[in-house]
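**Q** Just so you know, the sequences run in chain order P and D. Sequence positions in the first sequence follow the numbering used here and run 1 to 304. Sequence positions in the second sequence follow the numbering used here and run 1001 to 1381.
Derived from the structure by calculation, the hints contain no laboratory data. Please note: incorrect hints may appear among the correct ones.
Said to hold, decoys possible - Here are the simulated EDC-like pairs of lysine to aspartate or glutamate, each with C-alpha atoms no more than 20 Å apart in a straight line:
(1) P:Lys144 to P:Glu158
(2) P:Lys289 to P:Glu278
(3) P:Lys289 to P:Glu22
(4) P:Lys289 to D:Glu1108
(5) P:Lys144 to D:Asp1179
(6) D:Lys1295 to D:Asp1020
Stated by the list, open to error - What follows is a set of in silico ranges between Cβ atoms, one per label pair, in the way DEER data are often shown:
(7) P:Gln146 to D:Glu1305: 46 to 52 Å
(8) D:Ser1057 to P:Gln146: 53 to 59 Å
(9) P:Leu4 to D:Arg1093: 49 to 55 Å
(10) P:Arg282 to D:Pro1005: 49 to 55 Å
(11) D:Glu1089 to P:Ala187: 36 to 42 Å
(12) P:Ala187 to D:His1189: 54 to 60 Å
(13) P:Asn174 to D:Ser1057: 50 to 56 Å
(14) P:Asn205 to D:His1189: 43 to 49 Å
(15) P:Leu21 to D:Arg1093: 18 to 24 Å
(16) D:Arg1093 to P:Pro86: 45 to 51 Å
(17) P:Glu56 to D:Glu1089: 44 to 50 Å
(18) D:Asp1203 to P:Arg176: 46 to 52 Å
(19) D:Pro1088 to P:Asp24: 27 to 33 Å
(20) P:Ala190 to D:Ser1057: 46 to 52 Å
What the hints assert, rightly or not - One-sided and incomplete, this derived list gives chain P residues near chain D with beta-carbon spacing under 7 Å:
(21) Arg10
(22) Ser12
(23) Pro13
(24) Ser14
(25) Thr37
(26) Arg136
(27) Gln166
Treat the numbers as computed from the prediction; the structure is a model and nothing was measured. No residue lacks a Cβ here, since even glycine has one placed at the ideal position from N, Cα and C.
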Amino acid sequence: MIELHERSRRISPSRIHEILLEHDCKSVTDPFMGLPTHLNYLKGHGISVHGGDLLEWFVRVGEGIVVNDLTILRDSEVAEIVEMLPGRIYSIDMFKAWEGVFFSEEQCVYLGVWHDNVRNLRSDQQTGLAVLGLWRAFCYWLQKIQSPDDMQDIPPSELAWSYIRQTEQWVISNMRRNTIRQGDVLATIAAQKTDALFLAPPARNSFRSSDSRIWMWEAWWQGNPYFTIEHAYRDSLLGARASDGPSYARAIATILSSAESIPLIVMQTTEQRIADLEPLVRNARANVKVFAPHPYEMYLIATH
Amino acid sequence: MTLFPDTGGDPRAAVARSSDVLAWYGALGDAVIGNPPGFAVRKASLAYAFCEIANLSEAERKAAYFAGLLHAVGAIGNAAFRKGERLPERQARMESWDIPAQGARFCEELLALPAETADMVRWQAECWDGTGFPDQLRWHGIPIAAQMLGLADTFLRQADPEEALGYIGMNSGRAFSPDAARTFTMWFHMNAGEVATLPIPSDALRDEGPDAAEMLDDMADRIDAHNGVDHRWRRVADLALGAAEQLNFDAATLSSLALAAHIFGAGELASATVEDTDFDPLARLGIDRRAADAKLAADLADAFEALRPGASIVRSRAEWYDGTGKPAGLLHGQIPAGASVLAAAIAYERLARSERLDTASGTQFDPNVVRALMESAATRT
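From just these sequences and the hints, can you work out the full model?
**A** Next up, the structure:
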């Protein structure tokens, strides 16, 4: 049985926007962006955004909604993604390992079909939008495993159609340069000179307990149902090298010192973890303000 | 300027006034968005009932009530509804996604509200699957009370309760969490889809932040900014109260007039036109618009005891001294004295050349009022 995490940190882009406005910031870097809907919000409000992550599907979605200013998916293109196209040979057994364990036979076939169709799209932007839409359909299935009687049976293609169609509304332009990269945290910070750094650092060894809605979708993107995201983090700053407390603290300190030239650091954390992170931020910056609207949503706002 | 009669420092009276002003805020938000009258109170009551079934604490239920009441307050001043440049449909829709966050910022300034209210307003339109707005929060990142507000909104917007039941069931796991959809189903079967409106839980208000008079000042400024006539009410109030003093109005009428100056602009919130720029204040053209705006502003305020004295003045501000005005065609002394002064002050404030007001003396305006207004304005300049 799959565990869907009940409590997670909350990232509220409207709140981050308020903090950035207060400090007159026009650009922001987020090297642990995850699903970059928050960067898209900031983009929509005129901030130039630069994100990075190690997971490729996050990066693909970022290309679709953050970098992309124009490309959308039209009805005919959505239809080519959600259904099996006649004449094309599909690797429908690709996700057979999940059949009967997590999903039905039909769902596993669709996962294989979508995996192939998405790779035939013309642009990275289209791919990003499709991945985002399909992920929401995937999350619906996982949720339905938990609440089978409370949720409707919606045909996979219909569910995917409605979600992909919806991604159109997130495509916007802010007439600024916005970038997304797949890379470790220090590479993302070094790549752009921005007014602010937004950090929502993962907890120590958190990749080992990642939400199934995240790691399974990376596995889908890689086309490998046995994939675990530990591989993706292995050689990163906060990967295996930071598995013990002191190493983790050293890694965070390295990040903060690499951001020396960035005027504002906003670190998002939770009540549970603030005691570990606050001393590190205070060590790196002279002025640190704690803004704590909620136990799952706390911000350390640091300036020189 | 004194807005309310002295109650000898009775804290209950102060809380009752603040409650009335908050409820008026809710009605204004609905007027901007185009919701039917009473929508905010129904949404607040329904959210409270859902929170009760979801076993939330009483404090959270009351906070949810206030969040429901003020759900649309962020629409006042929102670019999608603000007077001025008309935005393309897509851009207007995107601007309207900011209504919850703007409403939350507004609620954060009202320290009397329960602390949780602002975030409930902020996240009332989030969807369980992350496709809501403004923050695209997903799953358990959305507070349960905010989900209840979303449910209440959806239910009230459906034409038929049975349709709403089907729609919410279809959206279980998408717009709503399965738990929230289950909560709704339980409420529906317990209450047969009937919404019982509840009184404002005034006891949850804290004795902090701006009082009712300051809240009215602030909202009047926001209304004028929304209508593209910054601080108009302040100029109108200054003129009107100056003239009223010349005419030796009693203290109660002065208070009512001051209240009326705060609330008359609310009538323009729902219309696309702006009286101030679209019509000559001395021309008959536009009188229907003025009367409709006066009626709406009066109706919005009339429901609340603290604002009622001002409402009766605003309602008659489109009447003409010669009996040819609207909506009732009142003649001479039938027009409330405060309304005569308010109408003349609004026109005077708009006119580039003040002597033009003389031309309407005896027809549109009471000659005594015009004289007092001119004298008072001359003294003030």
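**Q** Against this structure, judge whether each hint is valid.
**A** So, going through the hints one by one against the coordinates:
Between lysine 144 (chain P) and glutamate 158 (chain P) the alpha-carbon distance is near 16 Å, which keeps this suggested pair within the 20 Å criterion. Straight-line distance between C-alpha atoms of lysine 289 (chain P) and glutamate 278 (chain P) comes to about 10 Å, which keeps the hinted pair within the 20 Å bound. The hinted pair formed by lysine 289 (chain P) and glutamate 22 (chain P) meets the criterion: a straight-line CA distance of about 13 Å does not exceed 20 Å. Annotation: proposed proximity of lysine 289 (chain P) to glutamate 1108 (chain D) holds, straight-line Cα distance about 19 Å (limit 20 Å).
Our distance criterion of 20 Å between C-alpha atoms is met by lysine 144 (chain P) and aspartate 1179 (chain D), whose separation comes to about 12 Å. With a C-alpha separation of about 19 Å, the suggested pairing of lysine 1295 (chain D) with aspartate 1020 (chain D) holds against the 20 Å cut-off. About 49 Å separates the C-beta atoms of glutamine 146 (chain P) and glutamate 1305 (chain D), a value consistent with the hinted range of 46 to 52 Å. Judged by the Cβ atoms, the range 53 to 59 Å given for serine 1057 (chain D) and glutamine 146 (chain P) is violated: they are separated by roughly 25 Å.
For leucine 4 (chain P) paired with arginine 1093 (chain D), a C-beta distance near 31 Å fails the hint of 49 to 55 Å. Between arginine 282 (chain P) and proline 1005 (chain D) the beta carbon distance is about 53 Å. The supplied range of 49 to 55 Å therefore holds. Under the hint 36 to 42 Å, the C-beta atoms of glutamate 1089 (chain D) and alanine 187 (chain P), about 41 Å apart, fit the expected range. For alanine 187 (chain P) paired with histidine 1189 (chain D), a C-beta distance near 56 Å keeps the hint of 54 to 60 Å intact.
Under the hint 50 to 56 Å, the C-beta atoms of asparagine 174 (chain P) and serine 1057 (chain D), about 41 Å apart, miss the expected range. A beta carbon spacing of about 46 Å between asparagine 205 (chain P) and histidine 1189 (chain D) agrees with the range 43 to 49 Å that was offered as a hint. The hint said 18 to 24 Å for the Cβ distance between leucine 21 (chain P) and arginine 1093 (chain D), and at roughly 22 Å that hint holds. A hinted range of 45 to 51 Å for the beta carbons of arginine 1093 (chain D) and proline 86 (chain P) is inconsistent with their spacing of about 37 Å.
The hinted range of 44 to 50 Å is not satisfied by glutamate 56 (chain P) and glutamate 1089 (chain D), whose Cβ atoms lie roughly 35 Å apart. Taking the beta carbon of each, aspartate 1203 (chain D) and arginine 176 (chain P) are about 49 Å apart, inside 46 to 52 Å as hinted. Here the CB-CB span from proline 1088 (chain D) to aspartate 24 (chain P) is close to 29 Å, well matched to the stated 27 to 33 Å. Between alanine 190 (chain P) and serine 1057 (chain D) the CB atoms are about 48 Å apart, so this pair conforms to the stated range of 46 to 52 Å.
Against a cut-off of 7 Å between C-beta atoms, the interface hint on arginine 10 (chain P) holds, since the closest Cβ of chain D lies about 4 Å away. Hint status for serine 12 (chain P): holds, given a least beta-carbon distance of 5 Å to chain D, under 7 Å. Hint status for proline 13 (chain P) relative to chain D: holds, with the closest Cβ pair at about 5 Å, below 7 Å. Evaluation of the serine 14 (chain P) hint against chain D yields a held restraint, the C-beta minimum of about 4 Å falling below 7 Å.
Interface restraint check for threonine 37 (chain P): the shortest CB-CB distance to chain D comes to about 4 Å, inside 7 Å, so the restraint holds. The closest approach between the C-beta of arginine 136 (chain P) and any C-beta of chain D is roughly 5 Å, which is under the 7 Å cut-off, so the hint is satisfied. The criterion of a C-beta within 7 Å of any C-beta in chain D is met by glutamine 166 (chain P), whose closest approach is roughly 6 Å, and the hint holds.
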